[in-house]
Structures are given as C-alpha cells and as structure tokens.
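Asker: Listed here are the chains, written in short residue letters.
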Amino acid sequence: MTQQIIVNSRAIDILAVLMLMTTIVLIGTSRLRTCIWAYACRSFMLTLASGLIAYFSGIHHIYITTGISLALKVIVIPGFLFYIVKKNNIKKEVGSYMNYTLALILACGIILIAYYSTQNIIQFENIFMRHCLPIALSITLLGFFVMIIRKQAIIQIIGLITMEDGMFFAALSTSYGMPLIVELGLFFDILVSVIIMGIYVYRIKESFDGIDTDFLRDIRE
Amino acid sequence: MVEHTSHLFVISIILYFAGSLFALCFYGWQRVGNYISLILAAIASCFSIATAVVALSDGLTIRLDFTVYHAIIKYNFLLDPVSTYFILAISVIGFVAAVYSIGYTRLYVNKCDTRFLGFTYNIFLASMLLVVTANNAVVFMIVWELMTVVSFFLVIYEHENPANMKAGFMYLIMAHIGAVLLSVAFFIMFAYTGTWDFGFDDFRKVGSHMPLIYKNVVFFLVIIGFGIKAGIFPLHLWLPMAHPAAPSNVSMVMSGVMIKTAIYGFIRFYFEFLTPCPPWWGVVVLIIGASSALLGILYALTERDIKTLLAYSSIENNGIIIIGIGLSMIFKSYNLMALSSLAMMAGLYHLVNHAVFKSLLFGCAGNIYYATHTKNIEELGGLIKRLRVTAPLFLVGALAISAIPPLNGFLSEWLIFQSILNGFHIPSVIVKIITIICGAVVALTGALVATCFVKAFGISFLAMPRSDHAKKAKEVPVIMLVSMGLLASLCVFLGIFPVKVMMVINSVNIHLLNTNILPAITSYDWLHTKSVQTNFTEISPKSATVLGLMLLAVTFGVLTLIKPRFVKKIYETWTCGISPEPRLEYTATAFTRPFKTIFSNLYRPQSEVRTEYSVPNFFVKSMTYVSDVAPIFEKYFYSPVAQFVLSMSNMVRWVHTGSIHIYLTYIFITLIILILFVGK
Amino acid sequence: MTAEIILPILQILVVVGFSPLVKGFINKIEARLQCRRGASMFQPYYNLVKLFRKDAVVSETSSWIFRATPYITFISVLIISLLVPVLSSQVPLNFTGDIILIIYLFALARFFLVLTSLDTGSAFGGMGGSREMMVSSMAEPAMILSFFTVALTVNSTNLSNITSTLLNNSILLLNPSLILAFAALTIVLIAETGRIPVDNPFTHLELTMIHEGMMLEFSGRYLALVEWASSMKLLLLLTILVNIFFPWGIAGGLTFSGLIIAFALYVVKIGFFAFLIVIVEMSFAKIRLFRIPNLLGTAFILSILAVISLYVVR
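Residue numbers (my numbering), protein chains in the order written: chain A, 121 to 341; chain B, 2 to 681; chain C, -13 to 300.
Since the hints were made in silico from the structure, they are not lab data.
Careful, some of the hints might be misleading.
To be verified - In silico SDA-like cross-links for lysine to any residue, where the CA-CA straight-line distance does not exceed 25 Å:
| # | chain 1 | residue 1 | chain 2 | residue 2 |
| --- | --- | --- | --- | --- |
| 1 | A | K211 | C | S269 |
| 2 | C | K36 | B | P565 |
| 3 | C | K40 | B | V555 |
Excised from the complex, chain A in its bound form (with noise of 0.2 Å):
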C-alpha cells in the first residue's frame, strides 16, 4: 500500500520535473516556435499530472479542471499563439536583453531559491509530491523572470501564462485545487488576457512593424 503511494507520488514528482525541464527550455532558447512547443508541452504534463492526482485522490472536480485544461492550455491557446505568429509574420528569433549562458545561470540560482525557500514547509508538511512546491514556485518565477529578459510581446504572453501554470500546479500539488468555481474564473481569465494580448501584439506590429515591445518606448513623451 504504501509502496503504491510512494510509486504514485514518485510519478508525479517525475512530471512536475520535466515540467521545469520545459520551462528551463523556454530560457535558453531563442526560437519562438520552440518556446510555444515548450509552452505546449508543459500544459500537457500538467494535464497529465491533474488527471493524475484527480484519480490518486478521487477528487472528482479535478476531472473538470483537468479537462478545460487541456482544451484550453495544451489545444487553444498554443494553437492561437502559433496563429498570431504566422498570420502577423514574426521573425523566428527571439531578442533577450541578456545573453543566454548568464539567463541560464540566473535561472538556476532561481530555482535554488525556489528549493531553498520551501525547504521548511515541504519537510513538515508533505511527505509526499515533495518537488512539487518547489518547482511550482520555480516555474510562476521563472516566468516572470521570462517577461523581464525577453524583447518580444508574445514572449511575455508566454511568460504571464507559465506564472498562471506554476500557481495552478501549485494549487494542485499542495491542496488539491481551488474550488472549482475559482478555477473556472481562472481559466476564463487567462483565455481573456492571451487573446487582449494577441490583439495588443497586432496592434504594435501595426503600429511600429515590428513586435519587440522596446518600441513602446517611443510613445513615452
């Protein structure tokens, strides 16, 4: 029995991993299309490990959740990204205001804060999912950290939606979920907020022909 939860536990442990692994890749490297790859990849792993605790824990709402999210991280919004970028013509490669070596450095130390920090909290509280807090804090910063370095407007939609990730795998990890109304208003946001910014992304390659948001500069007075 409790080789079964520790197997269980273990597994999640593994998704949340190669869920940072992904977000590490959206750091180093500068290819667009592979940044929503990662993107895409990563809302998959978190679908698979809601589905996962949804049936470790019989929780039925997270069924609902895991469900929306699919449709809505892994289908809808990578395909809506990959849309703006054809449709708007978007240069391949990605401007960052640091070079990669040291963003990937930073990253690290990143997530070294993100274990450090939480060191106390995951050896009391969790016995289980212990790398689940920490990567779920690693991830929503790191995605942050992507929205300072990175030059291009739909980059920073990428990384506004990985914080979204993070604190929706943290949720999960630690309790289970929000109620399920508050995922839904969750979800319904970010649907929201990527498709504002996909039009604010039209709307500076209209204006500026070009989408890094140095341009936003210039409106300065």
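With the hints as your guide, set chains B and C onto chain A.
Answerer: Chains B and C in isolation, oriented as in the chain A frame:
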C-alpha cells in the same frame, strides 16, 4: 632515536649554511664555488630527507630547544608529523633542484655571479625548513622574513632586466603586507596567552577561550597573510610575475614548495591555534580555493609565456589543495572526523603531487629555455625531435598535472572528488550545495587543465619549429635530464603506489585530527597488494596499469598476426596543395581562442588587426594581429588600492621636510610619549 | 573462478565486436529515414577490414606521439570496457576503478588524440583539437555532477554497485533528480560522441568538423584503431546510460541463461537508444560552434538542479 633524528636535522641545517658560506669563499673560481655549494645543498637535503623519513615512519615528535642564556627570544623548534611531512616535500624538491642547478647554472656563467646563486639557494632551502619547524611566533616571523627576502634576491637574480626588478619589487611589497598581517594576528592571539613566550605551545591553548570576534579577525588576517604567499585570487598578482622572473631552478623550488608554506600556515592556525572553528570558516576557505583554482587555470589557458603559464597553474593547484583543507575544516567543525581526515589526505596528497609535477614542469621549461633562449611558446615547435629526452619528461608532467591515470595527479583529484561526494553528511543544506558546486568547479578546472597542457606540450614540442631558436635547439646536459627523470619516475610511483603516501599522510592525520583512517581506506585487490577505498568505492591504479599493459600486449600481438609487415610510408602533411610551412600551423593563441570567446566576460579580450598596404592599395604588404586579455584584477582591485595609498601618502607628505633636525624631533617626541606610556 | 575470467573476456568481445555494428545501424536507419537506401549495416566492419590490410602513410613532421596515439586510445577504451557492466551487473574487475576513473580514461584518450592533431602541423587538425577540448571541457562538469547524483542516490560510485543496487531496488529510479541527471547525461553523451547538434560525424568539410578534424592524418591501421575506439566510446557511453537508468534485464549473477537473456535485452535497449540518437540527429541541424556552450550550459544546469533537488528533498 629522537636524539639521532634531531642530530640529522641539525646537521642538514648546518650543511645548508656551510654550503652558502663556501660559495662565497671561492672568489676567483665562481664555478667551483657554485658547484660545491650546490653539492652541499644536495647532501644537506639528503640528511633532511632522512630526518623526515625516520620521524614519519616512527611517528616521532621532536623538540629542539636552543636555550640561549637570558635571551628574550626562545629559539624553539618542533618536528611533529605535520612539520616533517613538509620537510619531506621541501627537501625532496630541494635535492632534485640542487642537482638540476649544477647543469642549469652553466647558463649564467660569465653573465651573472653564480656564487651568489649558490649562496642564496642554500639559505632559501634552510629558511623554508626552519619555517615549517619553528615553534615560536618570533622565530617563525624571523625565518618567514628570511625566506621572503632570500627568495626576493633569487627572483631578481637577472637584475639587468627591468621586468624582473619590477616583479621582484611587487613580490617584496606584497609579501611584506602579508607579513604585517601575520604579525598582527600573532599579537592578537598573544594577548590571550597570558605568557611572554610567544611560543606556539601557548597559542595552541588559546583557541578555546578567545572571544569569537577576535578569532574571526585573526581568521581573516591569516587568510590574507598566508593567502598572499599562496597566491589565492585576488592576491595572486606577484606570483605570475615573480615565478617566471626567477631562474628555472629557483622557480621549481618556489612554485613546488615555497608557496606550500602558506598551506602549512593554514593548517597550523586553523587546525591547532584557532580550534574549534565555526563551519563558515571552512566554507570561506573552500570558496576561496575553488575560485582560485578556476580563475588560475583560466588565466593560464591564455598565457603564451611557458613559465607564466606554469605560475598561473600553480595558483590553480594551490586552490585545489585549499579546497581539500577547506573541506577538512568544514567536516571537522561538524565533528565528522573520519571525513575530515579524508579531505585532509586529499589536500596533502595533492600538495606533494603538485610539488613533484610542477617542479618537473618548471625544470623542463628550464630545459627549453636553456636550449632555445626563449620562453614564448609561439616561437617554439618541433622540439620533440630536438630535445628527445626532455619531451617525454614534459609529457609525463603534463599528463600528471591533467590528472590523467595512472599518474599521480589523478589519485589526488580522485580523493578530492570522494571528499566532495561525502559532503552529503553535512547537516546544513546550504553548505552541502556549496560543496557540490565546488565539485563542479573542480571538474571544470580539471578539463581546462588538460586543455592548457595539451596546448603547452603540443605547441612547444610538436609539429615544425616556428623560429630559428627552436630549429637550432640541442639537448641539455645529462645531469639536468637525470634529475628531471627522477621527478618523472616519482610521478609514476606516486600514482601507482598511492598507499605508501597515504600511510605517511595518515601519521600526520593521527597527530592533527586524532583519527586513524588508514585501515578504513585501504583494501587488498586481486594482485594482493593494497589499493584505496572509500565509503563510495575502491580504486586500484596498479591493477588498471597491469590491465592496460596486458591489453596492449594482446592488441599488439593480434595486429602483428593480422599483418606482420606493417609499412609506414613517410610523406609531407597534406595542406591543400601548398607545401607545409610553420606559418600554417595552429598557434597557441588560436588554440585557446574558443575559450576566450566563451569566457569573454572574464577575459575582455582585445584584439586588433593592422594591415599595411604596398603602394597600390590592392596588395597587402603585412598584417599584424594583436590580441590580449584585459587584466581586470589589476584594473578593478589593485589600481583603486594603489590610488588610495598614493592619495593617503600625499596627505601626510608635509611631515617629510627633509631636515634632519625635524626627524630627530619626531624620534624624541616618540621616545617621550613611550616613556610616559610605560611609566603610567 | 572460471566465470571471473570468462566474463571480462565476454565483455570485451561484446564491446569490441558490436561497436561497429551500432555505428552501422545508426547510419542505416538514418539513411532509411532520409529515403535513401544507405550502406549496409555491416559497412563499418568492411571499412575496418580494409583499413587493417593497408599500409599507413605518416606525415614527416609528426613524431612518435602520432604513432603511439592509436594504441593508447584503443587501450584506454578497452580498459573502460572491462569496468562497465555490460551483461552482468557484477563485473569481476570492478575493484579496479569507478566512474571517475572511466571519465579520466576517456580524458587520456582525448589528450593524446588532440596532441596528434597538433603533431602533423596541419591547421585543420589544430582546429579540430581546439574545438574538441572546448566541447569536452564544457561537458565535463555536467557529466561529473550527473554521475554524482546517481552516486549519491545509491551511495556508490562503482558502476557495478550502482547497477545492482538500482536493479534490486528499482523504486530508487523513480526519483525526479535522476530524471534531471538522465537528461543532462543525454546531452553530454551527444556532445562527447560528436553526434549532430554538436558535431557532424559525416562531414569532412574542414570548417565544421570537430572530431573528424583530428583524425584527418591517420591512415591504415592507425585510422582503423582510432575509428574503432571512437565507435567503442559511443557504445560504452550508451551502455553506461542504459544500464544505470534502465537496468532491467541485466544479469544479476553469472548464470548462462541469465547472460543470454541479458544479451538479448541489451541488444534491444542499445538498439532503441541508437534509434533515439537517429531521431535527434534527424530533427536538429548542427548548431553554431558558439551555441554549443549554451547547450552544454543547459546540461550543466540540469545536472546541478539534479544534485540540489536531491540534497534539499532528501
């Protein structure tokens, strides 16, 4: 037994001083004076080797007290296992270097006074032996200064070259800053001894009742004071200047053993005087060691002067030794004594290994200089066909320093890795993480060392000669080769028979840390000889060597069976249709170019291409490529300090009027104040 | 006692005998996926036989280093093949050394190969050697740290002990830290063996090659030995990866039937991983030289996260 051993030691010191005086006697016959002093140095080194061997095998602790009637200073010397271990290292290298010098000093005949070299060399060796045996703070500081001053004279031996004078001056200043800090450290500790002896025995009792704040102050004073001698970053500046400036036989001793006296100082202070240490001291030492190791080798990588390259690599190796010491301190402060001994063993093993292979490499660099009169590896090349014996000797050194099995560097690197792995026993998570990151640094350093020495050997010895110097090179005198051969065989011996060395270090550990880990870390392998094991694994370099030789025999046999007549046709290298020229060869700069790009944040490489055209602007007459790395430590660390000191000096300049009367007044006022102070 | 003699011999025979086949297999699959017919899977054997029959051409600028290197490279890889558990987790000679010795024996082979690249005086060789040292230096920390993660999980750096512990206690493998270490090691393996995103093993275009650049001047028996050593290196690294992270099927003891089953599963596992390498090679282009540190930096960060997560969560 104790009596005889102490006599041996005293005889060896007397012989050293006798040798130095003899050198001065032969006024007209410089060469004879030089030879006699060097031979005496070699004999004296044999005596001190004997002292160390006898003392270490019996685990003796010998006290030598020279009671001078009513003396203020007590001339006490102590030969405990820690000291004798260092005596062994110093005198082995001293012996080899003395023999080597007999050949090498021919380079200076009729150019410089070779008697002076013999004179200072002997005092230098004796002062190092006295440094590691002094048992009194005052005596220690006296011999420490003696060592510094004598080595300063050796650095500026070729004083016609202004660069050498600058290097020597820099060395002298930095060494004295270190000495001042050490004296302050001694004085702070002295305040808590309660006696007027300045004896190390009193200092050993001080650690338990000294307030922590003063202990911390002493810790930092010591780390800077000895750190300057050890060449840790960023206090390394003198080392890559002074070691290349000195004659090669002296650089052997300086790089091989002199900078290790700083390690001796660390051990004395952190394991005897200041115990118990808080864990963070060990962490600081560990980080300093790791950063010195990495930065040292990164600078060595871009270096083109072979002796400067070796000097930077000494910084790197000292860093690795300090990593071992730091780990040992960390383990000790968490009371993990067995692991502390393991880390100490790794550090001390690397210490003797580095002494051996760095002396070998400096000696071979000396051979190159002797044969070609240049130290710039871009001007060398093809020496493997001209210096037929030096080349394999240098190769052994390069392999050993790159930690390639089965040579000795590998074993100490392996022990360092094992100690780092055992870091998981440390209770504090953050210390654990720092330890393992140091492991990554050691791994990166190891790979960079290999690159650096592939470059050093490959560019200077292989392919075609790049200059006339290299073309005309001839093999050096036999005596130099024999002494280097001795070191090369030591490299092999220390690598294949590690247990012998570990037994010696174990007696140091028993004395220092009160733990005997020898039974735990040796086991018997299939050849029924001893091999090394830790709680993680075991390793037997002997059996790896034997397996390798067996497989070589089998492979060779099979290949001969397949094709008995294997013909090698000799043609020139294919270079796309042009006949091969030295100009087409890869250079040292080009070889390390990728690293310059990767670590450009550190190097800030500056390069410039100048093109000269002939009269019609279509034909290029000549092109010059200049590339260099920016000295960021000089720029951001030393210049501000120097600026500050200069401006401070300007502020107090008005004191110096130049009038002798004013100066006498200063002295008078000081005297009055002192009298008042004492009278109160 | 007999088993203790037979197993090392068997191990050497498997590694020496099958390593060209792995290379041939990879080439063949790659050709099929590119809609070519490709050379036979056994082509590497034909090449070796041909080369062993030939005499060698030696450059006049080169020295004894050039002639010694092929043997040193070959022998160091042979020693490694005695230390790696191939068919049985109990390697009789495992007391000789651990994973650190293996890493440094690879370094020995590399050291001499790079020296040779400088020995002939051709600029292509030097270029290859310099780049090889760059790639391996960048890969070294990631490699050491990932192996450390494994070693800390099972408390041993000895490959035999690692494999048998993981075999008997497979739940240890379900450790997220090991997943990170596995990802890092995979990147390192691709870099170390000179496969596509890092180096192109098929090119002889001077400016892009790394590993092949060093071997340009070898011919005849020398070339055969060096080629063979490099394919053995590929197989050995694959074996280490496979037998650490997927130890199932490897024989625990030294029984005949156990070894047969182990061999069959070994072929399947290696085949699968070779196929994965092909997939990676097919889906990526060779990256620019100065992007390689980014890739290996990613590997390094994965490995460091592996150790840290192990330490924090333990």
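Asker: So, for every hint listed, does it hold in this structure?
Answerer: Results of checking the hints against the structure:
1. The suggested pairing of K211 of chain A with S269 of chain C holds, with an alpha-carbon distance near 21 Å, which does not exceed 25 Å.
2. Taking the CA atoms of K36 of chain C and P565 of chain B, the gap is near 15 Å; set against the 25 Å cutoff, the hint holds.
3. Taking the CA atoms of K40 of chain C and V555 of chain B, the gap is near 20 Å; set against the 25 Å cutoff, the hint holds.
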